[in-house]
Amino acid sequence: MSAAARRAAEAEQLLAAVGIDARVTAAGLQGEVAAVRAPVERLADVAGQAAALRALGFGYVALDIGPDGPGQPGRD
Amino acid sequence: MSAPDFSEPRLDYRLDRLRAVLEECGSVCIGYSGGVDSVFLARFALEVLGPDRVLAVTGRSASYPEVQRRAALEAVRQHGIPHLEVDTHELADPSYTANPSNRCYFCKTELWSVLGPLARQKGLAVVVDGSNADDRADHRPGARAAAEAGVRSPLQEAGLTKADIRELSRKMGLPTWDAPAAPCLSSRLPYGVTVTRERLRAVEDAEDAVRALGFVEFRVRHHGDAARLEVAPADLPRAVRLARRLGAAVAAAGFGRVLLDVEGYRRGALNEGLPLVQLERAS
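Protein chains in written order, with our numbering: chain A, 1 to 76; chain B, 1 to 283.
It is possible that some hints are incorrect.
[As the list claims (entries may be wrong)] Per label pair, the in silico range of CB-to-CB distance:
1) B:G80 / A:E41: 45 to 55 Å
2) A:S2 / B:T196: 25 to 35 Å
3) B:G159 / A:R6: 25 to 35 Å
4) A:R23 / B:G80: 34 to 44 Å
5) A:E41 / B:G214: 19 to 29 Å
6) A:R23 / B:R267: 42 to 52 Å
7) A:Q13 / B:A137: 54 to 64 Å
8) A:A17 / B:R267: 42 to 52 Å
9) A:S2 / B:R17: 54 to 64 Å
10) A:R54 / B:P141: 25 to 35 Å
[Said to hold, decoys possible] Residues from chain B shown here face chain A by an in silico Cβ test under 8 Å; the list is partial:
11) L11
12) A234
13) L236
14) L246
15) G247
None of these hints come from the bench; they were simulated from the model.
Using N, Cα and C, we set each Cβ at its ideal position, and we do this for glycine too.
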């Protein structure tokens with residue numbers, strides 16, 4: 001498992017421990033972004049964990065809102 | 001236009017100093033981006049020196065957002081400020097496109113290399129920029145280029161801060177008084193990632209799309225295939241409501257992934273999470 005994949009797995013565990021069911025991948029040129037796939041309504045909850053996620057080695061924490069991402073809300 | 005009310009004593013003093021600096025220059029060619037500082041400087045220089053001794057010049061290139069250009073043109077039109085556009089070619093300079101942390105030095109070197117001869121051709125005595133007193137405290141590699149080219153900074157010489165300039169702009173009725181900072185598009189690419197027209201275009205298209213959804217203060221940060229959107233923290237609830245449309249709009253600009261930063265916009269945030277390494281190897 002790569003270092004980036006390991007960080008992502010640790011991030012998922014961290015979020016799960018606070019009740020956020022999410023998939024995390026390392027995005028960006030060097031895996032610097034924790035790309036969190038969770039319902040976008042959970043943004044504030046994920047933001048509350050941003051410092052802890054950065055402590056794992058990510059530079060940024062973001063929700064995946066791309067057209068194919070599952071982080072889409074049911075409304076717009 | 002009625003005379004502005006500069007009743008605040010410190011502002012009066014600094015404004016007098018600015019007037020004195022401009023009178024000492026005699027005539028000025030202003031590096032004019034259309035931002036808060038350069039619009040104020042151009043407008044005030046016009047008042048002090050008159051239209052025959054002032055020329056605002058905008059350097060046009062792929063790193064200069066079209067939305068900023070339109071705002072710059074509108075401001076000079078509204079206030080009768082003599083103005084020219086010139087093409088600059090910083091993207092032809094490998095030192096610039098390599099995108100080092102002192103990238104601005106190479107951009108400004110190019111800009112002043114164009115404005116210096118232009119000023120001489122037009123019979124203008126001094127090339128000036130819109131740097132203010134606060135800029136002294138920042139990491140500003142562009143300031144070295146200005147110093148090397150003999151460019152003066154009247155706002156800085158007068159001790160005018162950004163807050164001063166916003167206040168004076170408001171009193172003068174300038175549309176830029178509360179405009180957000182608008183650095184060039186290259187600032188959306190992490191240091192070390194090569195600046196290309198295609199990357200700048202993708203960022204600009206994405207930001208235009210976000211702006212069209214009503215957002216004002218935000219950045220689209222380029223992370224290779226991924227775009228990371230930072231909106232002002234106060235706008236995060238709105239970004240959540242519009243996430244589907246934001247995601248589609250930014251993806252349409254050419255990004256494979258669209259990521260909404262959970263902490264929102266912070267100035268200079270692009271490089272805070274990256275080591276200063278040669279990212280180009282990964283890009």
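Now for the hints, and whether the structure bears them out:
Judged by the Cβ atoms, the range 45 to 55 Å given for G80 (chain B) and E41 (chain A) holds: they are separated by roughly 51 Å. A hinted range of 25 to 35 Å for the beta carbons of S2 (chain A) and T196 (chain B) is consistent with their spacing of about 28 Å. Between G159 (chain B) and R6 (chain A) the C-beta distance comes to about 52 Å, which lies outside the given range of 25 to 35 Å. For the hinted restraint 34 to 44 Å between R23 (chain A) and G80 (chain B), the CB-CB distance of approximately 57 Å leaves it violated.
Between E41 (chain A) and G214 (chain B), the C-beta spacing of about 20 Å keeps the proposed range 19 to 29 Å intact. Distance hint check: the CB atoms of R23 (chain A) and R267 (chain B) are about 31 Å apart, inconsistent with the given range 42 to 52 Å. For the hinted restraint 54 to 64 Å between Q13 (chain A) and A137 (chain B), the CB-CB distance of approximately 42 Å leaves it violated. Between A17 (chain A) and R267 (chain B) the CB atoms are about 32 Å apart, so this pair departs from the stated range of 42 to 52 Å.
Between S2 (chain A) and R17 (chain B) the beta carbon distance is about 58 Å. The supplied range of 54 to 64 Å therefore holds. For R54 (chain A) and P141 (chain B), the Cβ-Cβ distance of about 27 Å falls inside the hinted range of 25 to 35 Å, so the restraint holds. About 39 Å separates the beta-carbon of L11 (chain B) from the nearest beta-carbon of chain A, more than 8 Å, and the hint is not met. The interface hint given for A234 (chain B) is violated, since its Cβ lies 13 Å from the closest Cβ of chain A, which is over the 8 Å cut-off.
Given the 8 Å rule on beta carbons, the hint for L236 (chain B) holds: about 7 Å separates it from the nearest Cβ of chain A. The closest approach between the C-beta of L246 (chain B) and any C-beta of chain A is roughly 6 Å, which is under the 8 Å cut-off, so the hint is satisfied. At a threshold of 8 Å, the smallest CB-CB gap from G247 (chain B) to chain A is about 4 Å, leaving the interface hint in force.
Checked against the numbered hints given earlier, this structure breaks hints 3, 4, 6, 7, 8, 11, 12; the rest are met.
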